[in-house]
Amino acid sequence: MQRLKTAMIEKATALLTSGEVSKVLGWKKGELGFDVEPAVFTSVDSLVDFTYDAFCGANLSKYLVEESKKEGKILVFLKPCDSYSFNQLIKEHRIKKENVYTVGIECQGKVDPYKLKENGIEFVTDASETVDTVTVNGKEFKKEEIILGKCLTCTKKLLSYDDVISFNEKREPSLDRFEMVKKLEAMTADERYAFWKDQLSNCIRCNACRNVCPACTCTKCVFDNDNSGIASKANSDSFEEKMFHIIRAFHVAGRCTDCGECSRVCPQHIPLHLLNRKFISDIDRLYGEYQAGEDTESKGPLTNYTTGDVDPSDVFGGK
Amino acid sequence: MQEMNNEKKPLIVAFCCNWCSYAGADLAGSSRLSYPADVKIIRVPCSCRVNPMFILKAFQRGADGVIICGCHPGDCHYTTGNYYARRRMSLLFSMLDYLGIERERTRVEWVSAAEGAKFSAVMNDFAGKIAELGENKRLEDLRCKD
Amino acid sequence: MQKIGVFVCWCGSNIAATVDVKKVAEVLKAEPGVVISENYQYMCSENGQALIRNAIKEHGLTGIVVCSCSPRMHEATFRKTAESAGLNPYMVEIANIREQCSWIHKDIEEATEKAIILGRSAIAKLKLNAPLTSGESAVVKRALVIGGGIAGIQSALDIAEAGYEVDIVESAPTIGGNMAKLDKTFPTLDCAACILTPKMVDCAQNENIDIMTFSEIESVKGFVGNFKVQIRRKARFVDEKKCTGCGVCMQKCPSKKGKNEFNMGLNNRPAIYIPFAQAIPNVAIIDPEQCLKLKNGKCGLCAMQCQVNAIDYTQKDEIIEREYGAIVVATGYKPISLENFNEYGYDTYKDVVTSLELERLMNAAGPSDGHLVRPSDHKEPKVITFIQCVGSRDTSGCGKPYCSKICCMYTAKHAMLIREKYPNTEVHVFYIDVRTPGKNYDEFFRRAVEQYGVDYIKGMVGKVYEENGKLMVQGSDLINNEQVVIPSDLVVLAAAIEPNPSVRKIATMVTASIDTNNFLTEAHAKLRPVESPTAGIFLSGVCQGPKDIPETVSQASACAAKVVGLLSKDKLKCNACVSHSDEMLCTGCSVCANVCPYGAITYVDKEFRIGGGKTELRRVASVNEAVCQGCGACTVACPSGAMDLKGFSNKQIMAEVDAICKR
Amino acid sequence: MKKIALSNIDLLYKEIAGAQELYLPVKVAGATNFKKFEDGVEVDIKSLQTVKSAKDLFFPQSEDMMEFKTSGKSIEVIDARKKAEPFVLFGVRGCDLKSFEVLDKVFLAEPVDTMYQAKREAVTVVTLACNNPETSCFCKVFGVDASNPKGDVQATIVSDEMHFEALTEKGEKLLSSLKCLEDCEGKGVEEEKAQIKEKIDALPFVNLDLTNFKGENLMELFNRPEWEELSKACLGCGTCTFVCPTCQCFDIRDFQTNAGVKRFRCWDSCMYSEFTKMAAENPRKNQMQRYRQRFMHKLCYFPSNNDGEYGCVGCGRCVKKCPQSLNIVKVIKKLGGNK
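Residue numbers (numbering that gives the first Met the number 0), protein chains in the order written: chain A, 0 to 318; chain B, 0 to 145; chain C, 0 to 662; chain D, 0 to 338.
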């Protein structure tokens with residue numbers, strides 16, 4: 000990890016010095032060790048705060064929607080999952096590609112601060128990692144015990160970049176990403192209803208899931224737009240929790256790269272990614288496997304069709 | 000009998016595409032093929048005009064069932080509209096089911112302008128299923144119920 | 000503040016018998032925004048419309064709701080009414096309380112309640128209506144006729160005569176279609192070729208007509224007035240411009256074992272051939288499957304013989320693009336395949352033929368030069384049995400549920416012609432019913448029976464089998480209530496006709512709707528029989544439904560009149576209910592363009608003020624209103640809700656939902 | 000003083016809930032929030048903090064105000080405010096208790112917010128000392144003593160028992176009504192409090208320097224260039240404001256029902272771009288301005304208007320919940336002073 004960080008700083012320094020880029024989008028150290036935050040560095044001097052470690056879970060691609068509009072080229076470090084979002088945003092014309100210099104960096108799973116806390120660590124003094132382990136404050140954890148939910152199932156690979164920093168250290172996913180979806184599908188309707196009722200009743204409509212989502216880049220969201228007919232600010236009724244999450248999932252269906260940020264940021268730990276994954280799993284099953292963000296040209300499954308598609312009545316396998 | 004009258008009647012919203020299904024409904028009418036008055040039709044240009052928002056809105060407002068009718072695949076007046084509708088609704092209905100909402104509450108049917116009899120049969124069947132299911136509780140908005 | 004007028008129609012007793020129209024009017028009057036609510040016996044009548052007009056003027060109405068029959072019936076009527084009273088025609092909403100209420104409900108209370116709800120829903124929508132104006136688009140003054148049979152020929156000639164350019168695209172190497180194969184025509188018994196070929200020649204000579212044979216429609220884009228059509232001109236390996244149709248090549252061609260399509264495969268033709276003597280264009284064509292030169296490079300005799308160097312073995316398919324204002328579909332029919340009717344032995348016995356084959360056998364230009372002989376041994380048949388309704392009126396699933404309409408008449412014709420020319424021949428006809436509506440048709444049929452002594456047997460045929468060199472036709476005679484077996488020399492099957500299979504592909508390309516039997520659907524079964532529901536697409540001939548020649552020709556001319564009416568306009572009013580993008584919401588993500596079937600959406604970079612005196616360049620969607628047909632696919636694809644449909648906006652539809660659910 | 004064994008604590012909940020409504024930290028689907036006690040709920044007093052703060056009980060996320068019923072062309076106006084029945088709020092930590100003081104300054108100042116007032120008066124607060132404060136806690140900075148929160152009743156867990164002391168009349172009334180409690184001397188309570196204090200003093204953020212946040216240097220702080228960098232990663236979501244115990248902004252909205260209109264108020268967030276949208280213009284045009292507003296309000300404007308009382312109680316929820324790890328601690332460290 001240390002050598003990756005060193006290489007990244009070297010790369011940033013070189014590109015800033017040569018003037019090829021004027022800004023660098025990366026991560027900045029925090030106060031408690033794990034609370035790194037996305038940051039833009041504009042000078043070689045400012046890179047002193049630059050960090051890349053096992054806590055850099057945030058997806059940086061969405062920041063480029065705004066940053067790439069500004070003057071000057073920006074260097075961005077993209078983890079495999081971030082890069083799928085990046086591609087999808089390029090496909091949707093949301094990022095000005097010519098203003099971005101992308102450097103792919105490898106990733107073997109990022110630590111979930113909540114899991115760290117459950118293990119009694121609230122303050123990180125030192126951390127190091129290998130492909131399969133993380134050592135925090137001298138205590139070694141297996142990756143599967145400690146990394147973010149989204150990383151446990153990650154199979155994403157390094158896509159095309161302007162440049163890549165990799166030491167060919169790849170972690171294999173420890174879980175099938177559809178396991179929980181399948182589990183839910185196997186439940187009775189009553190059980191599923193109870194599951195989601197509990198989960199969604201916790202929603203406080205803080206919009207963290209939406210605002211962090213790289214697929215949610217609307218200038219103004221329908222839920223904020225009084226003219227849309229479905230604007231709502233709070234879950235004044237249990238209906239609105241469902242409405243918000245169904246519509247949000249639907250709006251990103253076929254575009255969601257499964258980056259998992261929604262679930263990472265939810266203050267109530269609602270497993271929102273299970274909604275998106277349901278759509279992904281249905282799309283894969285009904286229309287053939289599709290990975291949003293794998294390329295920048297293909298038609299998404301909801302803007303496409305075949306004449307032989309299944310009827311809605313047959314989605315559940317026969318009437 | 001008395002009790003029957005006191006029961007809340009089911010409410011069904013049917014979105015019908017202008018070119019096939021709405022015309023099919025008209026044909027059912029001109030052929031005097033009855034179906035329950037619980038069914039209220041909203042005319043849309045094409046099944047692809049039906050936004051999931053409309054469906055959820057209908058449930059929020061107290062609908063007990065929502066049905067979308069369009070031209071048969073391949074016969075869309077706009078060539079491809081119902082193909083998109085088919086995908087959208089497949090996914091949406093699957094999602095509603097995933098959230099534990101009764102899958103019988105939503106339906107898509109392809110009804111051509113010539114299928115007045117089918118329209119009536121479909122509506123009778125759907126209204127019957129909805130009556131069996133009873134009131135929509137899982138996608139209700141209590142504020143709309145008092 | 001809106002001032003809404005509600006007009007409840009009784010439709011005589013159609014509505015008023017089941018819906019308490021007075022109560023509906025009264026209850027709806029109490030709705031916020033409603034200033035006047037009237038009921039009247041026939042709102043669509045002149046008096047009814049006058050009532051609406053007066054109310055609009057008197058009360059200064061901002062919109063009207065008419066509770067009446069289906070909007071598919073009278074929406075246009077009431078829009079015109081509103082317009083004539085100075086109200087924007089799109090400030091009209093119809094509550095369908097006839098087809099979707101009074102006609103399907105019996106209980107007055109229930110129907111009245113539903114009518115009120117439908118009225119409220121229309122009011123709720125109307126409150127969100129905005130006055131709309133239609134855009135205009137120019138009309139390309141040229142028509143395309145797909146299919147060069149009698150229907151296409153007649154339509155093309157009429158359009159050309161009116162002074163407009165018209166292209167005929169025919170998939171076969173010649174125009175003429177099925178009619179060219181017929182011998183005589185009922186009920187006058189004049190020869191088909193004698194009346195058709197002059198029309199074919201007219202087409203060829205008319206300066207306004209461009210004939211493209213051996214060509215197919217590749218793609219159709221655009222909309223009424225502005226279709227862009229790609230046409231595949233298939234390689235015929237003969238330069239159409241050079242070939243004089245002298246026919247020398249045909250004689251010299253060593254590969255003579257091709258099935259003669261024109262003669263229904265009853266005899267052979269060379270690899271290079273002219274379909275028939277009067278073919279238009281009278282130009283040779285090479286069958287690449289059969290030509291030795293094209294197959295293995297050895298031969299080239301025809302090219303050596305050709306005086307004008309018309310042969311071109313290297314010719315390739317060519318795709319040309321043309322623009323049209325209107326498209327006539329005249330793709331015609333073909334007899335059904337008889338594989339489901341093994342009991343008649345069509346595939347087993349050479350002497351079981353279809354009626355169309357019989358036409359060729361009897362035709363002077365046919366394989367037997369007009370001498371009626373059996374295909375098997377070329378002997379004259381002494382007993383001929385006709386079997387009617389082979390695959391027609393068949394609900395078993397083997398054939399077609401509809402009546403093919405022409406068979407009764409042509410069988411009578413065949414029987415009569417045979418008895419006339421070969422009086423010693425016995426002719427039997429098995430029939431279910433004989434249907435002869437049409438001018439001089441029944442008289443014609445009766446002549447066959449009474450004057451020519453054709454033996455009509457009411458009953459169905461169970462099977463045809465061979466015994467001692469005879470074809471035994473076993474059937475029932477329902478009138479005499481007995482089983483009969485007729486030893487015959489020739490059996491003729493009146494095979495059902497079905498739309499040309501290519502019509503499905505064409506219908507999809509031109510976005511015309513099609514029924515379960517693959518016939519194209521007309522815009523209105525009675526009132527708009529020659530138009531497709533898709534604007535600018537017209538239906539000529541059997542592609543719309545079974546027809547005989549007189550009917551086909553009259554429909555073809557009617558179709559031409561419609562086309563000429565369209566082409567005579569310089570500008571067309573576009574659909575006013577089109578999509579539009581709210582540029583303040585649009586993110587330019589391209590999702591909408593991906594689902595637009597018309598390519599109506601493009602993207603532009605536009606400068607927007609972002610406050611503080613700054614501007615920002617943003618990519619936003621822009622809708623070509625002349626191209627948009629208003630399906631609304633884009634509105635649902637758009638996650639931000641920037642894309643909305645005029646006349647069917649998100650808010651309008653949701654207002655309807657609200658109103659319907661209010662209880 | 001009174002006490003009950005933790006193993007019997009369900010009896011206490013049931014007894015309170017038998018007499019009046021009881022709200023306390025309840026875990027649903029893995030997340031703990033203040034919810035009504037009902038049979039079968041999973042009470043969670045082990046977690047230090049609820050996700051949403053206790054302000055939810057006085058200033059709920061959404062709350063009906065009035066209704067307009069329409070019938071034909073007439074409109075009837077109906078008061079939809081619910082009457083506040085006495086209720087017990089159990090398990091409030093020192094920081095949340097302090098936040099009530101902050102909210103009172105807003106809602107109980109003239110003109111009084113009657114909806115808030117009614118609930119505030121109806122409540123009996125049972126506070127709970129924080130046996131295990133977390134690294135994200137910095138309540139001490141704002142004068143909170145998490146070992147000794149002074150609610151109507153103060154509860155302290157000492158090993159496997161919970162001890163109660165009534166600090167107000169209301170508290171006295173509640174305690175004396177509860178039969179499941181036994182009298183005690185409060186043995187070990189003071190020792191426990193001393194231990195908690197020790198733990199608090201060892202936390203990383205307890206010495207934050209607030210000296211720069213004064214009324215006088217408002218403009219200087221406002222114009223500090225660091226805001227740009229501090230707010231760079233802000234997504235503009237409302238998480239910090241919604242989990243914050245002192246954020247008190249709300250919006251008033253109408254909901255169209257089948258019968259008319261319900262007017263309700265719901266939490267709003269100054270992080271949202273719509274928050275300051277006005278007819279002519281939006282004075283806060285970018286996220287930096289909105290971000291700056293939130294912290295300037297808590298650390299400068301609020302104390303300037305309220306006798307030096309800060310609009311932050313140091314609960315640390317934003318430290319834990321911000322999706323991108325932005326928080327008030329980072330702001331104070333950057334701009335507060337050099338202590």
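If you are wondering where the hints come from, they were derived from the structure by calculation, not from laboratory data.
Ideal Cβ positions, reconstructed from N, Cα and C, are used throughout, including at glycine.
Hints may contain errors.
[To be verified] Counterexamples of contact, computed for chain C against chain B with all Cβ distances above 10 Å:
(1) Q1
(2) L117
(3) H427
(4) N479
(5) T507
[Said to hold, decoys possible] Label pairs and their in silico Cβ distance ranges:
(6) D197(A) - R527(C): 23 to 31 Å
(7) V47(A) - E308(D): 31 to 39 Å
(8) T306(A) - A276(C): 53 to 61 Å
(9) V309(A) - E442(C): 41 to 49 Å
Check on N479(C) being off the interface with chain B, judged by Cβ distance over 10 Å:
holds (38 Å)
Is the hinted range of 31 to 39 Å satisfied by the C-beta distance from V47(A) to E308(D)?
Because 37 Å falls inside the window, the suggested range holds.
Please check whether the beta-carbon of L117(C) is more than 10 Å away from every beta-carbon in chain B.
violated (7 Å)
Confirm or reject: T507(C) is not an interface residue toward chain B, with every Cβ-Cβ distance exceeding 10 Å.
The claim breaks: T507(C) does not keep its Cβ more than 10 Å from every Cβ of chain B (closest is about 7 Å).
Is it true that T306(A) and A276(C) lie within 53 to 61 Å of each other by Cβ?
Once the Cβ atoms are compared, 43 Å apart, the range 53 to 61 Å for A276(C) and T306(A) is violated.
Quick one: work out the minimum CB distance from H427(C) to chain B and report holds if it exceeds 10 Å, violated otherwise.
holds (37 Å)
Hint says 23 to 31 Å; check whether the CB-CB distance for D197(A) and R527(C) agrees.
Given range 23 to 31 Å: violated, Cβ gap about 57 Å.
Can you let me know if the beta-carbon spacing of V309(A) and E442(C) is within 41 to 49 Å?
Once the Cβ atoms are compared, 56 Å apart, the range 41 to 49 Å for E442(C) and V309(A) is violated.
Is it the case that Q1(C) keeps its Cβ farther than 10 Å from each residue Cβ in chain B?
Its Cβ never comes within 10 Å of chain B, the nearest being 21 Å, so this holds.
Checked against the numbered hints listed earlier, the structure breaks hints 2, 5, 6, 8, 9; every other hint is satisfied.
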